[in-house]
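Chemist: Construct the complete structure from the given sequences, taking the supplied hints into account.
Just so you know, the sequences run in chain order A and B.
Going by our numbering, the first sequence opens with residue 1, and the numbers climb by one from there.
Going by our numbering, the second sequence opens with residue 1, and the numbers climb by one from there.
Read the hints as simulated data drawn from the structure, not as lab findings.
Mixed in with the good hints there might be a few duds.
As the list makes no split between identical chains, a pair holds if one copy fits it or if it spans any two.
With a Cα cut of at most 30 Å, we get these calculated BS3-like pairs of lysine-lysine [claimed, not checked]:
no.: 1; residue 1: K108; residue 2: K45
no.: 2; residue 1: K8; residue 2: K108
no.: 3; residue 1: K73; residue 2: K44
no.: 4; residue 1: K69; residue 2: K108
no.: 5; residue 1: K44; residue 2: K70
2 protein chains.
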Amino acid sequence: MGDTIFGKIIRREIPADIVYEDEEVLAFKDIAPQAPIHILIIPKKEIPTANDIQEEDAPLIGKLFIVAKKLAKEFGVDESGYRLVINCNKDAGQAVYHLHLHLLGGRKFTWPPG
Amino acid sequence: MGDTIFGKIIRREIPADIVYEDEEVLAFKDIAPQAPIHILIIPKKEIPTANDIQEEDAPLIGKLFIVAKKLAKEFGVDESGYRLVINCNKDAGQAVYHLHLHLLGGRKFTWPPG
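Modeler: Here's what the structure looks like:
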């Protein structure tokens with residue numbers, strides 16, 4: 001498993017406020033929240049960027065969204081609304097090279113998305 | 001199939017600048033682009049919002065990202081970077097109630113994402 005900060009969180013080498021875990025997926029609160037609800041949902045499989053998603057990863061990537069919608073409901077933002085974001089590479093500001101889905105909710109979001 | 005504008009695009013009742021199509025997925029340029037590259041990638045299956053994604057839809061949702069990464073490469077933003085966004089409900093500004101993935105690239109994106 002890659003030596004990113006998220007790999008360390010998966011291996012419990014550094015702490016995180018974990019809100020969901022199963023065999024394939026981990027979710028925890030972003031340490032620099034950009035909204036009242038800001039959760040990162042990651043595959044345990046090391047996929048550095050969206051460019052690295054392979055055909056066989058499709059069910060796993062879809063599962064990130066199953067987890068996202070469940071967390072949105074659990075945290076009470078499913079009806080009010082939420083924004084889901086994946087950043088790929090430098091122009092988008094990808095900060096950690098372990099694929100992660102941002103779930104942001106609890107406030108209104110403007111357009112464009114950054 | 002639902003009577004959204006995207007349903008009409010799928011059925012070719014209204015025009016769109018289509019850049020990808022297969023049995024399950026359609027992709028076309030956003031008519032109000034927020035970046036030099038701004039493509040919408042949608043499942044042909046009518047899924048109104050992210051809240052409506054079912055367990056059995058996981059492979060289909062993942063496939064949207066397989067298509068996204070291919071289009072990012074085709075349009076020359078895979079290395080520079082791109083942002084992928086799904087808006088759910090009012091706070092996020094969801095404008096059409098047929099699930100759609102925004103692929104935005106060709107410029108730098110700020111944080112937070114709206």
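Chemist: If a hint holds in the structure, say so; if it does not, say that too.
Modeler: Tested hints:
no., hint, result
1, K108 x K45, "between (32 Å within a copy, 28 Å between copies)"
2, K8 x K108, "between (32 Å within a copy, 29 Å between copies)"
3, K73 x K44, "both (23 Å within a copy, 25 Å between copies)"
4, K69 x K108, "both (18 Å within a copy, 28 Å between copies)"
5, K44 x K70, "both (18 Å within a copy, 23 Å between copies)"
Hint check: no violations occur; every hint is consistent with the structure.
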